[in-house]
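Position chain B against the provided structure of chain A, taking the given hints into account.
Number of protein chains: 2
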Amino acid sequence: MNTSESAKSVTVEGWIHRRRQLASVTFVVVRDRSGLGQVVVTDPIVREQISELPEETVVRVTGSVAENTKAPGGVEIVDPTISVLGAPAQLQPVELWRPKLSATLPTVLDHAAITWRHPTRQAVWKIAAASMTGFRRHLDSIGFTEVATPKIVDQSTESGANVFTLDYFGKDAYLAQSPQLYKQILTGVFERVYEVGPVFRAEPHDTARHLAEYTSLDAEFGFINDHHDVLALLRGTLAAMIDTIRHTAGDAAATAGIDLPVVPEQIPVLHFSEALDLVGASPHEPDLAPEHERLLGKWAKTQFDSDFLAVEGYPAGKRPFYTHPQPDDPRWTNSFDLLFRGLELVTGGQRLHNHADYIAALAARSEDPAAYAPYLEAMGSGMPPHGGFAIGLERWVSRLLEADNIRYATLFPRDIHRIRP
Amino acid sequence: MNTSESAKSVTVEGWIHRRRQLASVTFVVVRDRSGLGQVVVTDPIVREQISELPEETVVRVTGSVAENTKAPGGVEIVDPTISVLGAPAQLQPVELWRPKLSATLPTVLDHAAITWRHPTRQAVWKIAAASMTGFRRHLDSIGFTEVATPKIVDQSTESGANVFTLDYFGKDAYLAQSPQLYKQILTGVFERVYEVGPVFRAEPHDTARHLAEYTSLDAEFGFINDHHDVLALLRGTLAAMIDTIRHTAGDAAATAGIDLPVVPEQIPVLHFSEALDLVGASPHEPDLAPEHERLLGKWAKTQFDSDFLAVEGYPAGKRPFYTHPQPDDPRWTNSFDLLFRGLELVTGGQRLHNHADYIAALAARSEDPAAYAPYLEAMGSGMPPHGGFAIGLERWVSRLLEADNIRYATLFPRDIHRIRP
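In order, the protein sequence lines correspond to chains A and B. Using my numbering, read the first sequence as starting at 3 and increasing by one per residue. Using my numbering, read the second sequence as starting at 3 and increasing by one per residue.
This is chain A alone, in the form it adopts within the complex (with noise of 0.2 Å):
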């Protein structure tokens, strides 16, 4: 509990989490945003004044401090005054109170605004906060600038599929499927950059997996040697967020059961040509299927003691155009795929930084180069060797959690069915 003291008196403000009445003695448990605390009460009247208090009742609670080991935190509030601050109107749609939530995931998703207040809900958040915190201040620490990019653009970033098309003052227009065009324009200004924000894809497929709306961790940065340099920063920041995490959601952590992940000093890395002979798979096949990644990710465990394994090189034609080639070998890419725990966590790689590189790739897909332009005025400028990555916060987390569904990482999720809460 959060409590303010002073000589002779504690108040703590929250919520009537739990009520016990017993004989001669009513046991309240208060909810506050540090966690749950315990409130003794024998005085009768405040007793019959707190029986006429459903749970979640909001309360300001002042008494005075006792001991009492087997209260959590070792200490408890006795001789309380009570006042109500807010007062539940409804019942509520599930039992806040029960150690466990018990309840299907579409009643989590409706009743989101309520059922995230369950310590095991709100613990899952506070990984996913101090995600974010871990990521920024690993990418403060070493020179990069946030910025702040454009949700609405006049094309797709990608391709034509999976995007929310907008009226924007009477012209179509569209929703960011991620910010790579303008984070990779931004290294031409300020070298390194990264983006935390929203992006859209219209999903039309109805998985554990997939969001209409997810929060990218977007870095990006100039001077390097290739992909493996993208790699190593990668590694860096993965590293700091589980820092972070350990450090400020610890408990969280511990409420969440998360076993956090330790990050090899090297992340090993594996061709994708050696991995589709590794999994017995076709030298053709164009990708790796999701038993693939599971045996992958099995093999690095075993061979390397690792959760985290990259595979790099993916083949050409399933990059995006920007992609930088293998130098030695064009079938293949300087990108990777990180995967954690046998599952694809993020995508990352070397971009190409030359003008005539962008003008020859865009071509050999028979995209318009006017589509680019402002794009392409930045890689005529004078760009340098540069690549990056993007992190889905919402993956993260679910896979910290070994959720079977990403959202139970997602505050307020988007799909195909879901538009509210």
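Think of the hints as simulated: they come from the structure by calculation, not from any bench. Quick caveat, the model's predicted, so the values are computed rather than measured.
According to the in silico footprint, chain B covers these stretches of chain A (three or more CB under 8 Å from chain B):
(1) 81-92
(2) 138-147
Partial list, computed: chain B residues near chain A (C-beta under 7 Å):
(3) T59
(4) L87
(5) P152
(6) D156
(7) H357
(8) R422
Just so it is clear, CB atoms sit at the ideal spot from N, CA and C, and this is done for glycine as well.
Then chain B, alone, in the frame of chain A:
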């Protein structure tokens, strides 16, 4: 310059900002994310090489460090070797090497990817980035939780006006005009929340003060007494933002010629009715005109030597339905505008927190409660007295700059006429 040094040599990577070729020596100014540095070339072969490298060529320079009190930073690089990392493919639309960027606003915006490279432009955004960092760090330090609320919503936040409409899997949806309703809901979960993210207004007017998309710094917290607690939080937050600019972007503030304001320990507060009286307006005016705000700004400066003035008590009819009335006179509200140097910077206040008050407020405006069902469920589940504020990032920075157009403080602005770059 950022340099990496070995015993014998130093390496810097950046852009050729300017070449000056004299009879027997060539000076090259190299720009990197830390600023400008001078390279002195006397070797005829290297001088010949440089003569063919236009401004904005991306280079790696390796040489020896020599002291020179006339050079930027007191040192320069001598006897360099230079390798090209990226070559411009075209002439630049502006001369970035000139101390002052001489270009009209449309040129600055049309070629934003290039014009942001100018040191005076970079400085502007570094002040914005430092402002975001200061906002978050302050709120993190006092127990706030960062949240990420959806930008695709099924209703407009405050009214049907100026909202962008979206095709959401075949149905209409809207872009969030603010995270208002979500941040309120979340005070019921985390007590104290903030969000830094994009908000969207379909502003039909082309003014110097408005954008169709901007970055909103939102804070909301529970267990307040009234709007004065909100103003106190805002005061501390602004002071932290200014401190962070001073400490992490002091050079940028100097480059941009910004006079950082001092936030008084107590921001002076004037009631709306007193403000009307002071400026000689009719007591029945429903709002303050820009001219009134300017007069009040001058008055606060003269009377209190303060760049800031809070006007509280705005008439209920001009505030959103969730605004808490002034308890002793419901014609007025527990809300405020913060004026900065005579211009409105922030709106904040206390919100309703009782379910019955919401039902009454919506009925009084003939709004359908069903449209707000999830929000009303939260308000009916035990909400603390709460309030908050929102700072427009670009507005804040443009007023620090005393810029005549908010677009100067926006990376890639969006308005009725502009959707690219």
